[in-house]
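Order-wise, the sequence lines are chains A and B. Residues 1 to 201 (this note's numbering) make up the first sequence, in order. Residues 1 to 474 (this note's numbering) make up the second sequence, in order.
What the hints contain is simulated information worked out from the structure, not anything from laboratory work. Even glycine gets a Cβ: it sits at the ideal position worked out from N, Cα and C. Some clues are possibly wrong.
[Claimed, not checked] No more than 25 Å apart at the CA atoms, straight line, and that leaves these computed lysine-lysine pairs for PhoX-like: (1) Lys463(B) x Lys192(A); (2) Lys194(A) x Lys50(B); (3) Lys61(A) x Lys438(B); (4) Lys166(A) x Lys159(B); (5) Lys194(A) x Lys263(B); (6) Lys164(B) x Lys181(A); (7) Lys320(B) x Lys61(A); (8) Lys12(B) x Lys192(A); (9) Lys192(A) x Lys438(B); (10) Lys356(B) x Lys246(B); (11) Lys246(B) x Lys194(A); (12) Lys194(A) x Lys251(B); (13) Lys192(A) x Lys320(B); (14) Lys74(A) x Lys438(B); (15) Lys320(B) x Lys74(A); (16) Lys19(B) x Lys50(B); (17) Lys50(B) x Lys36(A); (18) Lys164(B) x Lys74(A); (19) Lys54(A) x Lys320(B); (20) Lys181(A) x Lys81(B); (21) Lys194(A) x Lys3(B); (22) Lys19(B) x Lys166(A); (23) Lys166(A) x Lys181(A); (24) Lys192(A) x Lys166(A); (25) Lys192(A) x Lys101(B); (26) Lys159(B) x Lys171(B); (27) Lys54(A) x Lys315(B); (28) Lys12(B) x Lys181(A); (29) Lys194(A) x Lys12(B); (30) Lys159(B) x Lys192(A).
[To be verified] A few chain A positions that, by computed beta-carbon distances, are all more than 12 Å from chain B: (31) Ser3; (32) Arg65; (33) Pro68; (34) Asp143; (35) Glu183; (36) His193.
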Amino acid sequence: MQSFTTVTGVVAPLDAVNVDTDAIIPKQFLKRIERKGFGQFLFYDWRYENGQEKPEFVLNKEPYRNAPILLTRKNFGCGSSREHAPWALSEFGIRVILAPSFADIFHNNCFKNGILPIVLPEEVIQSLFQQAETQPGFELSVDLASQSVKGANGFKASFEIAPYRKQLLLEGLDEVGATLKAEDRITEFEEKHKVFYQLSF
Amino acid sequence: MGKTLYRKIWEKHLVVDEKDQPSVLYIDLHLVHEVTSPQAFEGLRIQNRKVRRPDLTLATMDHSIPTRNRSLPIQDEIARKQVETLVDNCRDFGIELFDLKSANQGIVHVIAPELGITQPGQTIVCGDSHTSTHGAFGALAFGIGTSEVEHVLATQTLKQYQSKTLAINVKGELPLGTTAKDLILSIIGKYGHDFATGYVIEYRGEAIRNLSMEERMTVCNMSIEMGARAGLIAPDETTFAYLKGKECAPKGTEWEAALTEWKTLSTDEDATFDLEIDFDAEHVTPQVTWGTNPGQVVGINEKVPNPAELPENQKRSIEKALDYMGLAPETPMTEVQVDKVFIGSCTNSRIEDLRKAAAVVSGHQVAEKVEALVVPGSQLVKQQAEAEGLDQIFLQAGFEWREAGCSMCLGMNDDLVGPEERCASTSNRNFEGRQGRKARTHLVSPEMAAAAAIAGHFVDVRKWPTKELKGANV
Ligand code: SF4
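Hey, can you work out the whole structure from these sequences and the hints?
Below is the structure:
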């Protein structure tokens, strides 16, 4: 996994509430068995019409085509648990998402894929929308170590992140490997723990 | 101080609990399907890791499979590859798989309960958000991403932060002619599509106690549509009676031991929740969604909302939803015509759902120009329905009768709703594009879907002349 320290770049404003993972990556692209190749299908139905780019969609416009920061509204990433959504965002180049709230599973999936989801109060998000929409090319700098977001125009905000998740992003941990280091504890637990079913068909 | 049901299950599964770290939680049952697992198995292979407990892992294929012509190879090459990959992975890692030829194949959230594998007090995960369904048994069940699927395969544990707790106390009784689906849609409609984000919900109260297990599954299934991590219903006599005798349920002295443990699984009298709300079941009416998330819903005798009458901050998203749905403000829901009807999905494809839909359909014909299909949730449901003659009722009325799978709930196979076509669907999500590009989905109960298929538009099923089913064992 790509580790995360700082990201500076253009902020793409995606002005929609409740953006679900079906919209982020439609179901017809979930048949692939690889982790790669999803970026091209990001927001497919919003980005394309009959195979042609829709010029009005934010990520089809300059300077947002390469924006590393996505600004959006509440409950981003709701719906399906598909990790294909952060895979697609990450491959497209999105490293930071700013929103007033995120759906639970999506939020969790982001940290496993080098994406930093930042929750900021609704008023702050609203003011960022105003800035992004009135100042073309509006940029922000996000620093994970100091948990801060800054703009060249003096904008400043700080954000919360669980220490473990911060470490996960900073160091790109192998989580499975880390858990397996405590394998004795799992074995010990299993000796006392009981399930009441048996799979034998 | 007393403990909530959630807290009790949580504590029973704690493997490691350290300060400032997520807890390591043991997983009792890991359900696997073809869409969210291939990259997880690939991860295991790259690191040369094994599946720790194949005996606590069960796989099926449901999402991208066809629901007809099962004897032929899957036409869609990429889907076929995905299904074959699951077969290879299950063989290589020693996991039980219900493939397309298995009598137990079906939607992952339908098969585990019907076989008695889902049990009270368990922790259950699956790379699928509707894992919340299993909470109906008093199991802590939730959806995870593919990286977590890999983590569970390798370690049989998951790193988790504790959720906040929310009690929804459903008071009174559901009125005649309304269903569990109407209840959960009403709750989501009242409180909103993201209301329960960060919470585990426990559904309590008289109306919940009176629900059958299948109805409880419908309720818990849609917890995720409020953003909740999981939904729970404490096990009771209804739960135990349902489980008794099921294929994988414990037998004899094991059953007694299990029962003793299961009976401890309720929230203590003096326990407190982070949030508690009361909901009155008595005013629930048959529900129909009009928008593009499950919270955008009204009663059948109401109208499509008028954005002009709403506050500025809601106006735009509602206009956008109505534009997508092709609906004019203030259209009465009973005037909305449908092109397709889908009875199926992990929300409403169990035998009781099919019986109730068949009772509405019996003796009628599907309206001209409406295409209607019934997709049983599992092969066992299908078999049971056929034994009861329900398939014949549907077929004679002009419905299609398919093999088990997710089908038109998400249209990963060729069961799609076309652009700008309108579908009455018993599934759980009406998101843009969910059932097909530009498809317009209206979520309803099986009875409401069945009535819409016959009438060609939405109708108040409470006024429907439902006949006694002749010959069917209802
Ligand atoms: S039926 Fe629909 S919601 Fe349920 S598991 Fe399948 S695709 Fe998901």
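Hint-by-hint comparison with the structure:
1. Between Lys463(B) and Lys192(A) the CA atoms are separated by roughly 56 Å; this puts the pair beyond 25 Å, and the hint is violated.
2. At most 25 Å may separate the alpha-carbon atoms for a hinted pair to count; Lys194(A) and Lys50(B) meet this at roughly 22 Å.
3. A C-alpha spacing of about 23 Å is found between Lys61(A) and Lys438(B), which places the hinted pair at or below 25 Å, so the restraint holds.
4. This hinted pair checks out: Lys166(A) and Lys159(B) have alpha carbons roughly 15 Å apart, not beyond 25 Å.
5. For a cut-off of 25 Å, the pair hint linking Lys194(A) to Lys263(B) stands: about 16 Å separates their Cα positions.
6. A distance of roughly 29 Å separates the Cα atoms of Lys164(B) and Lys181(A); the hinted pair therefore is violated under the 25 Å criterion.
7. Pair hint Lys320(B) plus Lys61(A) holds up; C-alpha atoms about 21 Å apart against a cutoff of 25 Å.
8. At most 25 Å may separate the alpha-carbon atoms for a hinted pair to count; Lys12(B) and Lys192(A) meet this at roughly 10 Å.
9. With a C-alpha separation of about 52 Å, the suggested pairing of Lys192(A) with Lys438(B) is violated against the 25 Å cut-off.
10. For a cut-off of 25 Å, the pair hint linking Lys356(B) to Lys246(B) stands: about 23 Å separates their Cα positions.
11. For the proposed pair Lys246(B) and Lys194(A), the alpha carbon gap of about 19 Å is at most 25 Å, so the pair holds.
12. With a C-alpha separation of about 15 Å, the suggested pair Lys194(A) and Lys251(B) falls inside the 25 Å cut-off, and the hint holds.
13. A threshold of 25 Å between alpha carbons decides the hint, and for Lys192(A) with Lys320(B) the separation of about 55 Å lies outside it, so the pair is violated.
14. Between Lys74(A) and Lys438(B), the direct Cα distance comes to roughly 23 Å. Compliance with the 25 Å bound is thereby established for this hinted pair.
15. For a cut-off of 25 Å, the pair hint linking Lys320(B) to Lys74(A) stands: about 16 Å separates their Cα positions.
16. Taken as a hint, the Lys19(B) and Lys50(B) pair is broken in the structure, with Cα atoms around 29 Å apart against an allowance of 25 Å.
17. Pair hint Lys50(B) plus Lys36(A) holds up; C-alpha atoms about 23 Å apart against a cutoff of 25 Å.
18. Between the alpha carbons of Lys164(B) and Lys74(A) the distance comes to roughly 19 Å, so the proposed pair stays at or under 25 Å and holds.
19. Distance hint between Lys54(A) and Lys320(B) is fulfilled; the C-alpha atoms sit about 17 Å from each other, no more than 25 Å.
20. In summary, the hint linking Lys181(A) to Lys81(B) is not supported, as the alpha carbons are separated by about 34 Å, beyond the 25 Å threshold.
21. Annotation: proposed proximity of Lys194(A) to Lys3(B) holds, straight-line Cα distance about 21 Å (limit 25 Å).
22. Restraint check for Lys19(B) and Lys166(A): satisfied, since their Cα atoms lie roughly 15 Å apart, inside the 25 Å limit.
23. Taken as a hint, the Lys166(A) and Lys181(A) pair is honoured in the structure, with Cα atoms around 20 Å apart against an allowance of 25 Å.
24. About 34 Å separates the Cα atoms of Lys192(A) and Lys166(A), which puts this hinted pair outside 25 Å; it is violated.
25. In summary, the hint linking Lys192(A) to Lys101(B) is not supported, as the alpha carbons are separated by about 37 Å, beyond the 25 Å threshold.
26. Taken as a hint, the Lys159(B) and Lys171(B) pair is broken in the structure, with Cα atoms around 36 Å apart against an allowance of 25 Å.
27. Using a Cα cut-off of 25 Å, the hinted pair Lys54(A) and Lys315(B) holds, with the two alpha carbons roughly 24 Å apart.
28. This hinted pair checks out: Lys12(B) and Lys181(A) have alpha carbons roughly 22 Å apart, not beyond 25 Å.
29. For the hint pairing Lys194(A) with Lys12(B), the CA-to-CA distance comes to about 10 Å; that is within 25 Å, so the pair holds.
30. About 20 Å separates the Cα atoms of Lys159(B) and Lys192(A), which keeps this hinted pair within 25 Å; it holds.
31. No Cβ of chain B comes within 12 Å of the Cβ of Ser3(A); the nearest lies about 15 Å off, and the non-interface call holds.
32. At roughly 23 Å, the least C-beta separation between Arg65(A) and chain B is larger than 12 Å, which holds for a residue marked as non-interface.
33. Against chain B, the non-interface label of Pro68(A) holds: every CB pair exceeds 12 Å, the least being about 21 Å.
34. The Cβ of Asp143(A) lies farther than 12 Å from every Cβ of chain B, with a closest approach of about 21 Å, so its non-interface assignment holds.
35. Not every CB of chain B is more than 12 Å from the CB of Glu183(A) (nearest about 8 Å), against its label as outside the interface.
36. Listed as a non-interface residue, His193(A) fails to keep its Cβ farther than 12 Å from every Cβ of chain B; the least gap is roughly 6 Å.
The structure shown violates the earlier hints numbered 1, 6, 9, 13, 16, 20, 24, 25, 26, 35, 36.
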